[in-house]
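Go ahead and model the full structure; you've got the sequences and the hints to work with.
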Amino acid sequence: RHNVGFGVVARLARRYADPAAGSARSRFSGLVVEAIIEGEKVLLLKPLTFMNVSGKSVAEAIRFYKMSPADDLLIVVDDTAIPCGSVRIKPGGGAGGHNGLADVSRTLGTDAWPRLRIGIDKPGRIPLSNYVLGRFTPEQQELVEPSLDDAAVAAACWASEGLAPAMNRFNRKVAG
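If you count the sequence shown from 1, position 86 lands on 86 in my numbering, and the numbers rise without skipping.
The reader is advised that the hints may include incorrect statements.
[Said to hold, decoys possible] Restricting the straight-line Cα-Cα distance to at most 30 Å, the calculated cross-link-like pairs of lysine-lysine (DSS-like) are:
#1 K41 with K90
#2 K66 with K56
#3 K56 with K41
#4 K90 with K46
#5 K66 with K90
#6 K122 with K46
#7 K90 with K56
Hints in this document: simulated from the structure, not taken from any laboratory. Model, not experiment: these values are computed from the prediction.
In structure tokens, the structure reads:
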């Protein structure tokens, strides 16, 4: 469940990778693919650190390119607070118990950066760490697969049109 963000990045890379930039390469403690989305140059980054210290990878890229986290960063993340298969875009805020998000905020010195949240349901009686590191049930998988496609479209909308249009378009969708 914890790798739904990678699923979205993989979809974006397949669709938008810049052929002139070559294939994925190791950089910023992660794998990087350069992409072009509706004329916008985009850096797709999959941190290869542990999830709970992924801020190192993000901060390296942000600092190298002198980007503004509030304007130039979109983190794609699993979220137990929203229903499985839901996609939500949020302009900033707390980590909501997600250690990876907390680390990104700590390393960047701010939590004012957008995140694209993909619902994975609440764990119920399963300990949270076991739940997020576990596999989806077949029923959840049926909801998650189309949500990863929706999330990739939402990320592309964010890159090409901006945060407000992406929020207006995608925060209304409800799974199931």
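Right, here's what the structure says about each hint:
no., hint, verdict
1, K41 with K90, "22 Å, holds"
2, K66 with K56, "15 Å, holds"
3, K56 with K41, "22 Å, holds"
4, K90 with K46, "20 Å, holds"
5, K66 with K90, "22 Å, holds"
6, K122 with K46, "25 Å, holds"
7, K90 with K56, "22 Å, holds"
Violated hints are absent here; each numbered hint is respected by the structure.
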